[in-house]
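Kindly generate the complete structure, drawing on both the sequences and the hints.
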Amino acid sequence: MKVSARNVDGVEIIILQGKITIGAGDSQLREVITDSLSNDKQNILLDMQGVTTLDSSGIGELVGAYTTVTNRGGKLKLLHLPPKVTDLLQVTQLITVFEVYEDESEAIKSF
Amino acid sequence: MKVSARNVDGVEIIILQGKITIGAGDSQLREVITDSLSNDKQNILLDMQGVTTLDSSGIGELVGAYTTVTNRGGKLKLLHLPPKVTDLLQVTQLITVFEVYEDESEAIKSF
Amino acid sequence: MKADSERIEITISSRFENIELVQVIAEHLCENAGLDDDGSHWIGMAVREGVANAIKHGNKLDIRKKVFATFDLSGESLAIRIADEGEGFDPGKVSDPLNPQNLMKTSGRGIFYMKTFMDQVEYVFTAGGGTELTMTKQLKPQTD
Amino acid sequence: MKADSERIEITISSRFENIELVQVIAEHLCENAGLDDDGSHWIGMAVREGVANAIKHGNKLDIRKKVFATFDLSGESLAIRIADEGEGFDPGKVSDPLNPQNLMKTSGRGIFYMKTFMDQVEYVFTAGGGTELTMTKQLKPQTD
Ligand SMILES: Nc1ncnc2c1ncn2[C@@H]1O[C@H](COP(=O)(O)OP(=O)(O)O)[C@@H](O)[C@H]1O
Ligand SMILES: Nc1ncnc2c1ncn2[C@@H]1O[C@H](COP(=O)(O)OP(=O)(O)O)[C@@H](O)[C@H]1O
Numbered sequence: 160m161k162v163s164a165r166n167v168d169g170v171e172i173i174i175l176q177g178k179i180t181i182g183a184g185d186s187q188l189r190e191v192i193t194d195s196l197s198n199d200k201q202n203i204l205l206d207m208q209g210v211t212t213l214d215s216s217g218i219g220e221l222v223g224a225y226t227t228v229t230n231r232g233g234k235l236k237l238l239h240l241p242p243k244v245t246d247l248l249q250v251t252q253l254i255t256v257f258e259v260y261e262d263e264s265e266a267i268k269s270f
Numbered sequence: 160m161k162v163s164a165r166n167v168d169g170v171e172i173i174i175l176q177g178k179i180t181i182g183a184g185d186s187q188l189r190e191v192i193t194d195s196l197s198n199d200k201q202n203i204l205l206d207m208q209g210v211t212t213l214d215s216s217g218i219g220e221l222v223g224a225y226t227t228v229t230n231r232g233g234k235l236k237l238l239h240l241p242p243k244v245t246d247l248l249q250v251t252q253l254i255t256v257f258e259v260y261e262d263e264s265e266a267i268k269s270f
Numbered sequence: 161m162k163a164d165s166e167r168i169e170i171t172i173s174s175r176f177e178n179i180e181l182v183q184v185i186a187e188h189l190c191e192n193a194g195l196d197d198d199g200s201h202w203i204g205m206a207v208r209e210g211v212a213n214a215i216k217h218g219n220k221l222d223i224r225k226k227v228f229a230t231f232d233l234s235g236e237s238l239a240i241r242i243a244d245e246g247e248g249f250d251p252g253k254v255s256d257p258l259n260p261q262n263l264m265k266t267s268g269r270g271i272f273y274m275k276t277f278m279d280q281v282e283y284v285f286t287a288g289g290g291t292e293l294t295m296t297k298q299l300k301p302q303t304d
Numbered sequence: 161m162k163a164d165s166e167r168i169e170i171t172i173s174s175r176f177e178n179i180e181l182v183q184v185i186a187e188h189l190c191e192n193a194g195l196d197d198d199g200s201h202w203i204g205m206a207v208r209e210g211v212a213n214a215i216k217h218g219n220k221l222d223i224r225k226k227v228f229a230t231f232d233l234s235g236e237s238l239a240i241r242i243a244d245e246g247e248g249f250d251p252g253k254v255s256d257p258l259n260p261q262n263l264m265k266t267s268g269r270g271i272f273y274m275k276t277f278m279d280q281v282e283y284v285f286t287a288g289g290g291t292e293l294t295m296t297k298q299l300k301p302q303t304d
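Protein chains in written order, with our numbering: chain A, 160 to 270; chain B, 160 to 270; chain C, 161 to 304; chain D, 161 to 304.
Hints were generated in silico from the structure; no laboratory data involved.
A virtual CB, placed ideally from N, CA and C, is assigned to each residue, including glycine.
Hints may be right or wrong, so weigh each one.
A few chain A residues that face chain C, going by a derived Cβ cut-off under 8 Å, partial list only [claimed, not checked]:
no., residue
1, Q187
2, V222
3, G223
Listed below in structure tokens is the structure:
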């Protein structure tokens, strides 16, 4: 997985690209979230457009990230979900947990 | 393999797309050449741009096509060779047999 | 072997990087059988989850231990068997990830995904230890 | 098994559509081992030629007969074994496709391509019939 980030109006936009699967990218996601929080960036928007493969471990990491950020008083939202990722969140009923946006500026305003 | 054709200034441009490999596309190439010859189109330019995989059977088919066309008094030339196809022709010294063009109008003028 | 039946076997050692090898076989087989990209993708995902469990929970990442996968394509029906050299488990004790109290857990969705993407998911445990997972899928709905 | 060694086995029946399954395993293994796209591609091509011969000349397209492929990755060295259930042949009698009198032949380039893309290509014939082809490739040049 490749990770990059930029900050817009106090929202840390983290762009995830590639695989978030068991043994590949799952621990990386954890690190980038921890880093962001330790830099006092607690409003996080994960841009998922470039995510090519996500498995149950990757889904678990997303849930873990959500909990970590929420427990620290922050917010974690999702941007640009590929249709297959939406499906994975839907069947596990996690879609009700995450706030999901299609439009970046709308997402930023929502924080 | 997908095949389509158009005629420009008496030259039959046959566009090959996909795989020309053992059991896939090899007999198709033979057919399209036979068809062209039986319609009295003996000047044939094979556009190879869209060829994704070519194996030794596919190379054999190209050689067979060359011989068939030449024996009928026609000419068979190649256009837009992908680099890996060039490599396959080079190591077998077949690159000296085929006339290869990068530019379509130049190729057409050469007939 | 019937003209329309086909068996592919692949054996890997217990590394996460090898999951993809089995997944890619599944996807190619499905495409060869005429399934569309989406259909092939979800079967590939089920295989990925099954192999990941065999490596992680079964063989506990011991690279000396193998995962054996078999694909049986017979007519329109695909049966996938994934076996490991682990100690087995009790599928009856696996908790339901849709249960509200499990919703925010960071694991426990693999078998659920397999059941979602496949028609049937079964576990058999052999005497010598090891888990044998069989998943089946009808590639086109039978019309009779 | 050493930490840096890895064995993958795949068995297919004798259909041309299955060539791709073995090729794709080869390519993925090479990529996992850190080879670039081009390097992986040519090894995949050698595998394709080897499996095609096993299906066509070895098993003569008899779908009841199998092709067995084994990939052994040890350190930087990849050994690929492709075995069939055919009757074998005499590699000494295979003609050279670069010989001018063979240049315009429509076949006879498969083994040549394997030799071009791999470091070593060897044939062994077993008592019970069958051809066993072994190809090796050093994935990165050894420096010592
Ligand atoms: N092959 C296996 N060998 C041993 N235990 C297994 C195996 N597959 C699944 N399990 C058990 O079933 C549980 C649920 O698996 P799963 O639904 O895939 O979720 P997860 O892998 O995230 O825990 C695992 O935590 C494990 O205890
Ligand atoms: N696995 C095999 N079993 C039997 N014969 C084989 C096998 N592989 C190669 N051969 C023989 O070697 C010849 C040369 O093979 P190759 O160079 O791949 O060219 P081609 O397959 O186009 O004939 C074949 O024609 C065949 O007679």
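TODO: Return the status of the interface hint for Q187 of chain A: holds when the least beta-carbon distance to chain C is below 8 Å, violated otherwise.
DONE: With a minimum Cβ separation of about 14 Å from chain C (threshold 8 Å), the hint on Q187 of chain A is violated.
Task: Hint validity - V222 of chain A Cβ closer than 8 Å to any chain C Cβ - done: The hint holds - V222 of chain A has a Cβ within 8 Å of chain C, the shortest such distance being about 5 Å.
Task: G223 of chain A as an interface hint toward chain C, with CB separation required under 8 Å - done: holds, 4 Å
The structure fails hint 1 only (numbered hints given earlier).
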